[in-house]
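Peer 1: These are the residues of each chain, in order.
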Amino acid sequence: MIDIAKLDVRFGTNHAVRGVSFRVAPGETFGLVGESGSGKSTVLRAVAGLVTEWTGRIAVDGKPLGRQRDRAFFRLVQMVFQDPYGSLHPRQTVDRILSEPLAVHGFADADARILRALEEVALPRAARFRYPHQLSGGQRQRVAIARALIADPRVLLLDEPTSALDVSVQAEVLNLLADLRAARGLTCILVSHNLAVVAHLCGRLAVMQGGRVVEELDEAALRTGRAVHPHTQDLIRLSRDLETA
Amino acid sequence: MSDRASPLADAATATAALEPIAPDAVPEAAGAPPPPQAGAASGRRAWLLTDAPASRSQAAWGRRYQAWLAFRRNPLAMAGLGVILIMLLLILLAPLLATHDPGIQELGNRLAAPSAAHWLGTDELGRDVWSRLLYGGRITLGMVVAVVLLVAPVGLLVGCVAGYAGGLWDRLLMRVTDVFLAFPRLILALAFVAAMGPGVESAVIAIALTAWPPYARLARAETLTIRRTDYVAAARMTGASPARVVLRHVLPMCLPSLVVRVTLDMSSIILTAAGLGFLGLGAQPPLPEWGTMIATARRFILEQWWVAVMPGIAIFAASLAFNLLGDGLRDVLDPKQR
Amino acid sequence: MSAPNLPGEPLVAVRNLHVDFPSATGVTQAVRGVSFAIGREKLGIVGESGSGKSVTGRALMGLLPGSATVRADVLRFGTTDILHASEREMRTLRGGRIGLILQDPKYSLNPVMTAGAQIAEALRAHSRLGRREARDAALAALEAVQIRDPRRVADAYPHELSGGMGQRVMIAMMLAPNPELLIADEPTSALDASVQAEILRLIEELVDRRGMALMLISHDLPLVSRFCDRVAVLYAGQVMEELPAADLHRATHAYTRGLLECLPSLDHKRERLATLRRDPSWLAPHA
Numbered sequence: 001m002i003d004i005a006k007l008d009v010r011f012g013t014n015h016a017v018r019g020v021s022f023r024v025a026p027g028e029t030f031g032l033v034g035e036s037g038s039g040k041s042t043v044l045r046a047v048a049g050l051v052t053e054w055t056g057r058i059a060v061d062g063k064p065l066g067r068q069r070d071r072a073f074f075r076l077v078q079m080v081f082q083d084p085y086g087s088l089h090p091r092q093t094v095d096r097i098l099s100e101p102l103a104v105h106g107f108a109d110a111d112a113r114i115l116r117a118l119e120e121v122a123l124p125r126a127a128r129f130r131y132p133h134q135l136s137g138g139q140r141q142r143v144a145i146a147r148a149l150i151a152d153p154r155v156l157l158l159d160e161p162t163s164a165l166d167v168s169v170q171a172e173v174l175n176l177l178a179d180l181r182a183a184r185g186l187t188c189i190l191v192s193h194n195l196a197v198v199a200h201l202c203g204r205l206a207v208m209q210g211g212r213v214v215e216e217l218d219e220a221a222l223r224t225g226r227a228v229h230p231h232t233q234d235l236i237r238l239s240r241d242l243e244t245a
Numbered sequence: 001m002s003d004r005a006s007p008l009a010d011a012a013t014a015t016a017a018l019e020p021i022a023p024d025a026v027p028e029a030a031g032a033p034p035p036p037q038a039g040a041a042s043g044r045r046a047w048l049l050t051d052a053p054a055s056r057s058q059a060a061w062g063r064r065y066q067a068w069l070a071f072r073r074n075p076l077a078m079a080g081l082g083v084i085l086i087m088l089l090l091i092l093l094a095p096l097l098a099t100h101d102p103g104i105q106e107l108g109n110r111l112a113a114p115s116a117a118h119w120l121g122t123d124e125l126g127r128d129v130w131s132r133l134l135y136g137g138r139i140t141l142g143m144v145v146a147v148v149l150l151v152a153p154v155g156l157l158v159g160c161v162a163g164y165a166g167g168l169w170d171r172l173l174m175r176v177t178d179v180f181l182a183f184p185r186l187i188l189a190l191a192f193v194a195a196m197g198p199g200v201e202s203a204v205i206a207i208a209l210t211a212w213p214p215y216a217r218l219a220r221a222e223t224l225t226i227r228r229t230d231y232v233a234a235a236r237m238t239g240a241s242p243a244r245v246v247l248r249h250v251l252p253m254c255l256p257s258l259v260v261r262v263t264l265d266m267s268s269i270i271l272t273a274a275g276l277g278f279l280g281l282g283a284q285p286p287l288p289e290w291g292t293m294i295a296t297a298r299r300f301i302l303e304q305w306w307v308a309v310m311p312g313i314a315i316f317a318a319s320l321a322f323n324l325l326g327d328g329l330r331d332v333l334d335p336k337q338r
Numbered sequence: 001m002s003a004p005n006l007p008g009e010p011l012v013a014v015r016n017l018h019v020d021f022p023s024a025t026g027v028t029q030a031v032r033g034v035s036f037a038i039g040r041e042k043l044g045i046v047g048e049s050g051s052g053k054s055v056t057g058r059a060l061m062g063l064l065p066g067s068a069t070v071r072a073d074v075l076r077f078g079t080t081d082i083l084h085a086s087e088r089e090m091r092t093l094r095g096g097r098i099g100l101i102l103q104d105p106k107y108s109l110n111p112v113m114t115a116g117a118q119i120a121e122a123l124r125a126h127s128r129l130g131r132r133e134a135r136d137a138a139l140a141a142l143e144a145v146q147i148r149d150p151r152r153v154a155d156a157y158p159h160e161l162s163g164g165m166g167q168r169v170m171i172a173m174m175l176a177p178n179p180e181l182l183i184a185d186e187p188t189s190a191l192d193a194s195v196q197a198e199i200l201r202l203i204e205e206l207v208d209r210r211g212m213a214l215m216l217i218s219h220d221l222p223l224v225s226r227f228c229d230r231v232a233v234l235y236a237g238q239v240m241e242e243l244p245a246a247d248l249h250r251a252t253h254a255y256t257r258g259l260l261e262c263l264p265s266l267d268h269k270r271e272r273l274a275t276l277r278r279d280p281s282w283l284a285p286h287a
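Chains as they are written, first to last, in the UniProt record's numbering: chain A, 1 to 245; chain B, 1 to 338; chain C, 1 to 287.
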């Protein structure tokens with residue numbers, strides 16, 4: 001479904017991503033793990049078309065992509081951002097936020113779709129005409145997920161979707177993402193620094209460091225600590241360390 | 001993770017239940033039972049303030065009503081609005097309220113002090129100052145509004161496009177802005193008026209030509225920070241065209257600072273108009289215009305002070321009122337302030 | 001700096017602390033009757049956003065905005081009654097006897113001053129040091145937080161430092177006047193896991209070596225319990241449970257248990273994460 005080969009991203013002199021390649025099968029959730037500055041979010045933004053300074057090959061659904069994306073691409077691929085406080089327009093109500101993609105793609109049944117989308121992410125109807133600042137963090141992230149899914153994409157890019165949330169809310173949002181993924185057969189890329197979150201949602205993952213993928217492994221290898229690269233081993237050890245308090 | 005605005009509410013609403021997060025609307029609506037006679041009014045109020053609007057238009061009207069309620073809570077802004085409304089009323093009713101024809105000269109009664117016949121005295125040609133103030137308001141305020149209507153959208157659009165597009169467009173638009181900024185106002189106005197002939201319209205266009213660059217710069221600066229935000233990235237992810245992103249997502253965020261800037265500029269626009277008038281390039285002599293009135297009266301300011309002071313008070317009151325109104329509007333434009 | 005302290009009394013005593021913020025629609029109760037005491041030990045204050053944990057720390061430092069109303073039966077640091085202390089007395093506490101470390105050094109360090117100059121200035125605010133002495137003391141302070149090249153860091157501006165290094169500078173600045181209590185409000189949530197562990201270990205070591213008290217405010221329950229002696233769990237402005245950190249896995253309160261159980265785990269695979277059921281009775285005021 002997603003095929004990335006020899007992806008390089010340079011911002012001026014900053015070589016942020018260096019020769020990253022991986023493939024994601026349809027219906028699979030692929031994790032990208034790394035510390036801040038490892039380039040994991042940049043890879044995601046290059047796939048989303050938000051970063052244009054890339055070279056290499058990005059193909060989604062068998063079609064190689066250029067730097068500028070057309071409207072059809074955004075029907076196919078959607079994204080959920082890290083910070084639900086920053087990714088919702090502060091002057092727009094939930095209704096307006098959810099209508100935007102529908103208006104852009106010319107859906108006729110906007111009203112019904114908005115109601116369905118709210119229901120799907122378990123937001124009450126009363127939330128529809130509120131502003132983001134009137135909602136809690138978890139509710140905002142639900143709105144962001146509803147916005148991403150309202151035009152029925154097949155690929156969902158998740159950029160640290162729960163790291164700005166409290167752990168109890170994180171659990172609810174992760175469960176919601178798992179349910180939606182199963183119901184819609186979504187292909188996902190999840191970027192996170194939290195190995196436990198990645199292990200929970202992803203079948204396979206790549207570990208990034210300094211703009212490179214240092215290791216690709218599956219969930220079982222991650223859980224049992226069968227990692228080869230020392231950086232991966234470090235990350236696993238740290239994660240364990242804090243988990244078994 | 002810092003404690004945000006309503007800590008208790010936030011903690012209690014991590015599940016999808018919505019009840020504790022109703023920062024506005026509820027208290028008023030859920031207050032004491034409505035007085036018996038105000039049944040229809042309180043019904044409308046409840047409809048406007050409901051927590052769960054049934055339709056988009058109800059929600060929109062509710063938001064407008066809440067904006068009005070918030071605006072009403074700001075006494076200074078209300079005072080500004082009041083002054084502006086009174087001024088509008090006065091200049092609209094000028095033919096009824098004026099005691100004399102503003103153009104009629106009474107050379108035997110030059111520079112008369114305020115009296116029953118001439119409420120605010122007469123000027124150097126014996127014209128009634130009160131009547132000239134009323135009619136002059138039409139020209140002065142009309143010019144100000146015309147300039148703002150020309151300048152604000154142009155500046156906003158140029159700034160937002162330059163800031164959002166970046167690169168070549170940014171450089172091109174900003175250099176054009178700089179060129180206009182570099183022209184001395186009066187020189188440009190002189191050139192313009194020489195081409196178009198003196199008059200109120202030429203003055204408006206001349207002022208507008210020199211007034212828009214600061215707005216463009218302001219809008220560009222705001223846009224540069226806005227375009228990096230995630231909500232703009234999210235808007236791009238909807239597949240919206242750049243024009244749509246700028247017009248529907250970026251531009252509204254630039255409005256509040258622009259509104260403040262516009263209201264701060266009001267008085268300087270009035271004064272520039274006066275300067276042009278004084279040079280014979282703005283409103284032409286028989287026409288009453290506040291700035292020109294002051295300019296011609298400055299010779300008598302020590303002996304016959306009222307001739308200059310009356311239009312001065314009018315300009316001062318109008319500028320102050322616009323400033324107060326602008327401040328109030330900025331607060332209301334930001335839904336978080338409510 | 002000797003510590004005027006009541007013998008046999010804890011360093012910090014907080015009993016029945018209430019903090020209210022007026023808002024457009026009434027009063028928001030951020031803290032509703034929190035009590036705890038800190039001796040020469042490490043206390044973790046854990047809660048989700050909006051639980052009142054940061055407000056509690058700020059109340060102790062007298063750093064709340066003027067609109068907040070603070071009430072308490074006891075709010076004491078050493079022999080100072082914080083509720084009735086003058087602004088002058090509070091200034092000698094803040095940055096002198098109490099140090100505060102905030103989440104992001106990017107925002108808490110002055111961007112136009114070098115790290116060394118900031119530490120020196122903090123020192124001079126609380127003691128009569130000459131310029132040169134202050135500079136030497138600042139270098140010593142940077143060395144104490146295990147910065148290998150203190151001279152380079154002292155001459156660097158905050159934007160030239162990494163997140164972890166910035167936080168070290170912050171710690172050096174706060175520890176330079178030898179405070180008795182260190183309040184760390186989410187000191188590592190902006191940092192990577194590897195740096196996070198380093199910084200917390202550093203704080204732990206420094207606190208232990210100097211016999212200071214530590215109040216570690218965080219949303220991360222496992223993390224806090226790892227570095228603290230005792231943990232107080234806050235929910236909606238009240239302490240739900242206070243227990244020794246080592247006994248965390250034996251926590252009895254449903255909220256504490258819920259917080260622990262909803263975490264995804266690297267060790268065990270869970271098909272679905274347990275979600276926290278918020279019992280309305282938790283909101284009821286405690287006796």
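Please keep in mind that the hints were generated in silico from the structure rather than gathered at the bench.
Even for Gly, the Cβ is constructed at its ideal location relative to N, Cα and C.
Keep in mind that a hint or two might mislead.
To be verified - Cβ-Cβ distance ranges computed for the label pairs, FRET-style:
1. A:P124 - C:A254: 34 to 40 Å
2. B:L188 - C:E160: 32 to 38 Å
3. C:H286 - A:S36: 38 to 44 Å
4. C:A254 - B:G167: 55 to 61 Å
5. A:S21 - C:E160: 44 to 50 Å
6. B:R44 - C:A254: 43 to 49 Å
7. B:P184 - A:S36: 29 to 35 Å
8. C:A254 - A:G210: 53 to 59 Å
Peer 1: All hints, please: hold or fail.
Peer 2: Here's how the hints hold up against the structure:
Distance hint check: the CB atoms of P124 of chain A and A254 of chain C are about 25 Å apart, inconsistent with the given range 34 to 40 Å. One distance hint, 32 to 38 Å for the beta-carbon pair L188 of chain B and E160 of chain C, is violated here, with the actual separation near 46 Å. Hint check: H286 of chain C to S36 of chain A, Cβ distance near 40 Å, so the stated range 38 to 44 Å holds. Evaluation of the 55 to 61 Å hint for A254 of chain C and G167 of chain B yields a pass: the beta carbon distance comes to about 57 Å.
About 34 Å separates the C-beta atoms of S21 of chain A and E160 of chain C, a value inconsistent with the hinted range of 44 to 50 Å. In this structure the hint that R44 of chain B and A254 of chain C lie 43 to 49 Å apart at CB holds, the actual value being about 46 Å. For the pair P184 of chain B and S36 of chain A, the supplied restraint of 29 to 35 Å is violated, since their beta-carbon distance comes to about 51 Å. For A254 of chain C and G210 of chain A, the Cβ-Cβ distance of about 44 Å falls outside the hinted range of 53 to 59 Å, so the restraint is violated.
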